Amino acid sequence: MCGRFALSAKTSSIEALVPGLHIHEDLEPRYNIAPTQNIAAVTGADPTVPAHLRWGLIPSWAKDKNIAVKMINARAETLGEKPAFRNLLKRRRCLIFADGYYEWRKYEGQKRKIPFYFKMKSGEPFTFAGLWDVWKNNEQGLFDDFEDGTAPVISSATNITTSPNELTSKFHNRMPAIILPTDRELWLSDEEDINYISESLRPYPEEEMETYEVSSIVNNAFNDNAACTVPFNTI
DNA sequence: CCAGACGTTGTT
DNA sequence: GTCTGG
DNA sequence: CCAGACGTTGTT
DNA sequence: GTCTGG
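Add 28 to a position in the first sequence, counting from 1, and you land on the number used in this note's numbering.
Since the hints were derived computationally from the structure, they do not count as laboratory data.
Just so it is clear, the structure is predicted and the values come from calculations on it, not from any experiment.
Any given hint might turn out to be false.
What the hints assert, rightly or not - Below, computed lysine-lysine pairings styled on PhoX-like, alpha-carbon distance capped at 25 Å:
hint, residue 1, residue 2
1, Lys134, Lys93
2, Lys38, Lys198
3, Lys198, Lys141
4, Lys164, Lys98
5, Lys91, Lys118
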């Protein structure tokens, strides 16, 4: 899975995740990052510069950018076989910055599903494994924006999923592939052995993670994507 | 050769 | 673009 | 992923 | 129920 996540860490702690990375601008804290929105990432092309990628992969060959809604996730197990992902796995890997992600649980008799927030016990941000590509619109001028404000050239990304660790498996049968700190350099490298690369797409050790139910008061802020400092309730 | 797909998740 | 199915 | 819409015509 | 927008 992984259809929503958060990134509110200080710029300095995000920079600390990738050697040489320098983030020039201040990133707004975000607690409800959704598909089609921009996400903060670094690509293997230049890991010293932050990349702002649109979440939902639009492959370079796509005629219609709306294919993105179907490409927010990519299964780690089959990346090497899928025509849409195989080449990207070889040459267009990226790390997506996050400090938590959400899974939903529905309680018996309750209408709404409740979000649970998954994070590192350390509180530090981390990196999802992603693939990215650049798409150029062929049907209209390259200098004309779309009506929805998106550009005619879009760099986008998909978030790789893998089997869940023990903690996440209580909520879902998938979890986002979180790259171990020691594997980040490899993931951004120009290594083309996809079997070797794929070894870093394992479920993240659950002993380093924890989850909280997002309380109703936080839920409001969550829905508004507003800044939120209220502590989550522990389950 | 050309034509057509290219994807995941959750839910039923 | 690249792979699969016909 | 969730939230929210889901429609057209004519008139101003 | 299903699609769209974020």
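Evaluated hints:
1. A threshold of 25 Å between alpha carbons decides the hint, and for Lys134 with Lys93 the separation of about 32 Å lies outside it, so the pair is violated.
2. Of the supplied pair hints, the one linking Lys38 and Lys198 is violated, its CA atoms being roughly 30 Å apart against a limit of 25 Å.
3. At most 25 Å may separate the alpha-carbon atoms for a hinted pair to count; Lys198 and Lys141 meet this at roughly 15 Å.
4. Taken as a hint, the Lys164 and Lys98 pair is honoured in the structure, with Cα atoms around 18 Å apart against an allowance of 25 Å.
5. Of the supplied pair hints, the one linking Lys91 and Lys118 holds, its CA atoms being roughly 23 Å apart against a limit of 25 Å.
In terms of the numbered hints stated before, the structure departs from hints 1 and 2, listed from lowest to highest.
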